[in-house]
Amino acid sequence: MIMKQMMKSLALAAALLSVQAMAAPVQSWTTAQGTRVYFIETHALPIVDVQISFLAGSAFDPADRVGLASMTASLLDQGAGTRNEKEVAETLADIGAQMTAGAGMDSASVTLRTLSDPERRTTAIALMTDAIARPHFDAGVFKRDQARSIAGLKEALTKPQVLSQRAYMSAIYPDHPYGRLATPESVAAMSRADLEQFWRQHYSAERASIALVGDLTRAEAEALAVQLTASLPADQREIPRTLPKPAASAAKVVRVDHPASQAHLLVGMPSVARDDPEQIALQVGNYTLGGGGFVSLLTKAVREDRGYAYSVYSYFDPKLVEGPFTIGLETKRSQADDALKVANGVLNDFLKRGPTPTQLKAAQDNIAGGFALRIDSNSKLAANLGVMAFYGLPTDWLEKYPERVRALTPEAIRAALQKHVRPEQLVTVRTAAD
Amino acid sequence: MRLRTTLGLFSLCAVLLLPAGAWAVADADNTFETTLANGMRVVVREDHRAPTAVQMVWYRVGSIDERDGVTGVAHVTEHMMFKGTPSVGPGEFNRRVAAVGGRDNAFTSTDYTAYFQQVPAAQLKTVMALEADRMRHLTLEPGGYSKEIQVIMEERRMRTDDQSSARVHEAMNAVAWQAHPYRRPVIGWMSDLEQMTVADVRDWYRRWYVPNNATLVIVGDVSHQQVFGWARQTYGAIPARALPERKQYEEPMQAGKRQLDVKAPADLPLLVMGWKVPRLNDPRKDVDPYALEMLAQILDGHDAARLPTALVKEQQVAVSVDTSYDSTNRGPSMFMLQASPRPGYTIDQLEQAIRGALTEVANKGVTEQELTRARSQLRSSEVYKKDSMMGQAMEIGMLETLGYGWQASPLMLDKLNQVTVADVQRVAQSYFKDDQLTIARLVPQPLDAAELAARAKRAEAVQAGGRH
Numbered sequence: 001m002i003m004k005q006m007m008k009s010l011a012l013a014a015a016l017l018s019v020q021a022m023a024a025p026v027q028s029w030t031t032a033q034g035t036r037v038y039f040i041e042t043h044a045l046p047i048v049d050v051q052i053s054f055l056a057g058s059a060f061d062p063a064d065r066v067g068l069a070s071m072t073a074s075l076l077d078q079g080a081g082t083r084n085e086k087e088v089a090e091t092l093a094d095i096g097a098q099m100t101a102g103a104g105m106d107s108a109s110v111t112l113r114t115l116s117d118p119e120r121r122t123t124a125i126a127l128m129t130d131a132i133a134r135p136h137f138d139a140g141v142f143k144r145d146q147a148r149s150i151a152g153l154k155e156a157l158t159k160p161q162v163l164s165q166r167a168y169m170s171a172i173y174p175d176h177p178y179g180r181l182a183t184p185e186s187v188a189a190m191s192r193a194d195l196e197q198f199w200r201q202h203y204s205a206e207r208a209s210i211a212l213v214g215d216l217t218r219a220e221a222e223a224l225a226v227q228l229t230a231s232l233p234a235d236q237r238e239i240p241r242t243l244p245k246p247a248a249s250a251a252k253v254v255r256v257d258h259p260a261s262q263a264h265l266l267v268g269m270p271s272v273a274r275d276d277p278e279q280i281a282l283q284v285g286n287y288t289l290g291g292g293g294f295v296s297l298l299t300k301a302v303r304e305d306r307g308y309a310y311s312v313y314s315y316f317d318p319k320l321v322e323g324p325f326t327i328g329l330e331t332k333r334s335q336a337d338d339a340l341k342v343a344n345g346v347l348n349d350f351l352k353r354g355p356t357p358t359q360l361k362a363a364q365d366n367i368a369g370g371f372a373l374r375i376d377s378n379s380k381l382a383a384n385l386g387v388m389a390f391y392g393l394p395t396d397w398l399e400k401y402p403e404r405v406r407a408l409t410p411e412a413i414r415a416a417l418q419k420h421v422r423p424e425q426l427v428t429v430r431t432a433a434d
Numbered sequence: 001m002r003l004r005t006t007l008g009l010f011s012l013c014a015v016l017l018l019p020a021g022a023w024a025v026a027d028a029d030n031t032f033e034t035t036l037a038n039g040m041r042v043v044v045r046e047d048h049r050a051p052t053a054v055q056m057v058w059y060r061v062g063s064i065d066e067r068d069g070v071t072g073v074a075h076v077t078e079h080m081m082f083k084g085t086p087s088v089g090p091g092e093f094n095r096r097v098a099a100v101g102g103r104d105n106a107f108t109s110t111d112y113t114a115y116f117q118q119v120p121a122a123q124l125k126t127v128m129a130l131e132a133d134r135m136r137h138l139t140l141e142p143g144g145y146s147k148e149i150q151v152i153m154e155e156r157r158m159r160t161d162d163q164s165s166a167r168v169h170e171a172m173n174a175v176a177w178q179a180h181p182y183r184r185p186v187i188g189w190m191s192d193l194e195q196m197t198v199a200d201v202r203d204w205y206r207r208w209y210v211p212n213n214a215t216l217v218i219v220g221d222v223s224h225q226q227v228f229g230w231a232r233q234t235y236g237a238i239p240a241r242a243l244p245e246r247k248q249y250e251e252p253m254q255a256g257k258r259q260l261d262v263k264a265p266a267d268l269p270l271l272v273m274g275w276k277v278p279r280l281n282d283p284r285k286d287v288d289p290y291a292l293e294m295l296a297q298i299l300d301g302h303d304a305a306r307l308p309t310a311l312v313k314e315q316q317v318a319v320s321v322d323t324s325y326d327s328t329n330r331g332p333s334m335f336m337l338q339a340s341p342r343p344g345y346t347i348d349q350l351e352q353a354i355r356g357a358l359t360e361v362a363n364k365g366v367t368e369q370e371l372t373r374a375r376s377q378l379r380s381s382e383v384y385k386k387d388s389m390m391g392q393a394m395e396i397g398m399l400e401t402l403g404y405g406w407q408a409s410p411l412m413l414d415k416l417n418q419v420t421v422a423d424v425q426r427v428a429q430s431y432f433k434d435d436q437l438t439i440a441r442l443v444p445q446p447l448d449a450a451e452l453a454a455r456a457k458r459a460e461a462v463q464a465g466g467r468h
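So the sequences go chain by chain: W and X. Going by this note's numbering, 130 is the number at position 130 of the first sequence; the sequence numbering is gapless. Going by this note's numbering, 80 is the number at position 80 of the second sequence; the sequence numbering is gapless.
Not close to chain X: a few residues of chain W, all C-beta gaps over 12 Å, as computed:
id, residue
1, Q27
2, P174
3, R180
4, Q197
5, R218
6, A219
7, A234
8, D276
9, L320
10, V387
11, E411
12, A415
Taking lysine-lysine and the DSS-like style, the derived pairs with C-alpha atoms no more than 30 Å apart in a straight line are:
id, chain 1, residue 1, chain 2, residue 2
13, W, K400, X, K385
14, W, K300, X, K125
15, X, K385, W, K380
The set of hints was computed from the structure by calculation and includes no laboratory data. Backbone N, C-alpha and C fix where the C-beta goes; we use that ideal spot for every residue, glycine too.
Hey, can you work out the whole structure from these sequences and the hints?
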């Protein structure tokens, strides 16, 4: 009885803490052009962070042009509007702003950090607007970066961790865009026109979401969102906005030869989508299994008790459709079998039993109790808001997170784990293992 | 900073590291310092934006203080600091930090060893008591050691043995420095790790882990008076002890270019050029280290800076180029340029292009506009840095531990802003001489999997034999 009350007051304290920690509540609206905007107003520092994301990640690559999404995103800020590549970079440096562009699996994003004074901010936003709405895709820049990209890929293809990760993704997503990987050949097949076409097809306001954090009023934020999205390419309805559901994988072992001194071992499967209601249960369960750094079961068994590895971890990476659940570790090549056996033993045992009440409480104390640490800077807020805006999570997602974590039971977590991690579907990749 | 080795108990996020040449405007209004009776320095910066706090304890001891035969012991000690005391059992430190909602880690470099926890501010006192406990009472139990040293060998394999560029840098340091301990890798040579014993760690811990060799840094939603009180209660109870004499190493003047090749699995060659240049000795009087920092910024501080423009974009002899100069060290500094040639170009052509870019600065100088641009980037990075409590704590701890003092920060920023185009040209003329140059090249080895796997297996057999 006393225990229960204590838990309740702890939960309340955590909720209060999170409200206090949030600089201000998340505001949200949709622009006339159809772009979802999430905004946190905070004037403590003279900084504005902006992220715009499009449904234009590598999963949207055409099958015969794998790598196109990345190449398109990376060229956005290399010449746009009235400025060539050099002028864009010089102007950014002149005002001390930082802009990056790149593509992940689901999204392509441009992020900007600028000082908030009107002069610098106006210039910075103009540069960002040009990058997404008026990119040059200059032929000379494209040729050069295509060659650099091919050289970089060839170099990456000598690295055991890269080879391992690629073998893993193509094995768990054999017939799905998530499993298609750029090769020197697929990059060489691209033309400048492909980039421009990909941009026209995927960078519309309807496919965009914006996250804004910092020293702006609501009116300024609204105007900024309109400016960013007003000149984007018109949406092309026939271009898909959704991804196919990945097929279930079948258990198998993939071997990759490499002369490295350490084996790179990966175990996993397609597991959970971002909109899955059990996502939080999985994240909390994973804290105990292999997400909680030093205090996880995998770290204890593989690293602390046996000295098999410096790095051992597990994670769920929820995506638009089922993203991977992965266990990874590196150990000297002759030890690969033993280490794998231990890791699989921990996983199977945990799947069977789920977390004990004590383990769950430890996970809740850390995740909910330490929630303030996830949102204690503008850049952390901006990163969280970027994810929320892109995946359309509710605006109270952050605020409610601690109490949803506190509400979980060991049974709910075990059920979620058993549903989303299935031994008969786990693929194992052994790279540089004896 | 970018090319400098810093090892963590767990992989550390690179964002923790400050960009080269970026200094904070120390806000004298919210930063408070005291020294405990036992000599431990305490610096508190109040930052009330969010209800969190970071604690760091910095020890002025790193691989620079090691001797041949026990390389890596500073880093091994860092790992063993998580292995328990009589009152906090093995692994319990991490569990207790996690239980209050915190995160913790540690890192070791050539110059220092540091420990940190990020926690809800209300939990700060708990982690201060924990950190103070292991400053004095580490158990260093042989069973735990025998497992942890295996973990560290795996760390070495992961970070160095299997990373071609890390192997180039390790070999390059061993050639560029002859007398100075910077010639030894922070993680230690594998054979030293194999022969190390828990007695080596105990010896290290007893000598260096004393309050008069440490600085406590707290940044966050705290009251400095309250933190001072807690510091006296926890760390203040630990008696001071005399520190061993620190050896002063004078690296003999290099007279002649040094060159080395490293063969490793790779596709792209890599060229690393390092010139010995001055470190920041006297923040008030020195000029050249600041001018070299600004030169690094002008060469490679943004996408349109000189080196990426000349090498990657115009001449297109390189696929990438990276510049690194860190003026703030306990030991001597190197100004390093690193690049990979674009396929179709040789590493010699790449070297000539780099030399050409440096010669151009030496002969024609830089423009006022380039310098203004570098200053503008400095100014904004000062503001951006205030967004991170961890970043602020890192800067305070580093400046304190390296001997400059946290108050040097605004002075350094002023000095950087005072650098003139003439200063930049002068340092470009003075320091980039072949006699002080070391050049390392990665010679790519194709992945002939079967043959190379056999070689790796033989190497492991030799290593295993060495442990008997």
